[in-house]
Amino acid sequence: MDTLQSHVLETQNVHSVPEITKLVSINVKHAQKEVKFVNILCLSALTAKKNMHLAQKNNWRKDEAQSQSRTEEKSQASKLTTASSKRRNSQLSKSSNFNSPAKCKQNLNPQTPVKIRELRNDSDDKLDI
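Letter 49 of the sequence shown, counting from 1, is numbered 49 in the UniProt record's numbering, and no numbers are missing.
It is worth saying that the hints were derived from the structure and are not from the lab.
Among the hints, a few may not be true.
As the list claims (entries may be wrong) - Computed list of lysine to aspartate or glutamate pairs in EDC-like fashion (alpha-carbon distance at most 20 Å, straight line):
#1 K22 / E10
#2 K57 / E73
#3 K74 / E64
#4 K62 / E72
#5 K74 / D63
#6 K50 / E34
#7 K62 / E73
Stated by the list, open to error - Label pairs and their in silico Cβ distance ranges:
#8 Q56 / H15: 55 to 61 Å
#9 L4 / I40: 42 to 48 Å
#10 S16 / K50: 27 to 33 Å
#11 E34 / V8: 52 to 58 Å
#12 E72 / T47: 33 to 39 Å
#13 C42 / N13: 27 to 33 Å
Backbone N, C-alpha and C define an ideal beta-carbon position, used for all residues, glycine too.
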């Protein structure tokens, strides 16, 4: 006799066939419950993995949006700085043009240069205007 048959005979000597059938069905039910539990664990792990992936994707999009908004803010700030610089430069150029000799000559009426020439001829000092 081989060992498997001897175990079966020993078990049959201790338990009746209906008892063995009942124990086997109980073991099968426990095994089925364990399989369901393992399946639930696998689904939970898969769901957790997908959620982690989505969270990483959201963080990446959030970081991307923040860097884009920073870039837009810098662009707007540089545009504002450029616009204010242009305004300031135009104001400075207007004020400096007002005081420049060429601008002064443009602002004078046509008779004024004649008077300046007369002054130059009359005096020993030369005026540079």
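How the hints compare with the structure:
no. : hint                  : verdict
1   : K22 / E10             : holds (17 Å)
2   : K57 / E73             : violated (24 Å)
3   : K74 / E64             : holds (15 Å)
4   : K62 / E72             : holds (15 Å)
5   : K74 / D63             : holds (16 Å)
6   : K50 / E34             : violated (24 Å)
7   : K62 / E73             : holds (16 Å)
8   : Q56 / H15: 55 to 61 Å : holds (56 Å)
9   : L4 / I40: 42 to 48 Å  : violated (35 Å)
10  : S16 / K50: 27 to 33 Å : violated (51 Å)
11  : E34 / V8: 52 to 58 Å  : violated (25 Å)
12  : E72 / T47: 33 to 39 Å : holds (37 Å)
13  : C42 / N13: 27 to 33 Å : violated (42 Å)
The structure shown violates the earlier hints numbered 2, 6, 9, 10, 11, 13.
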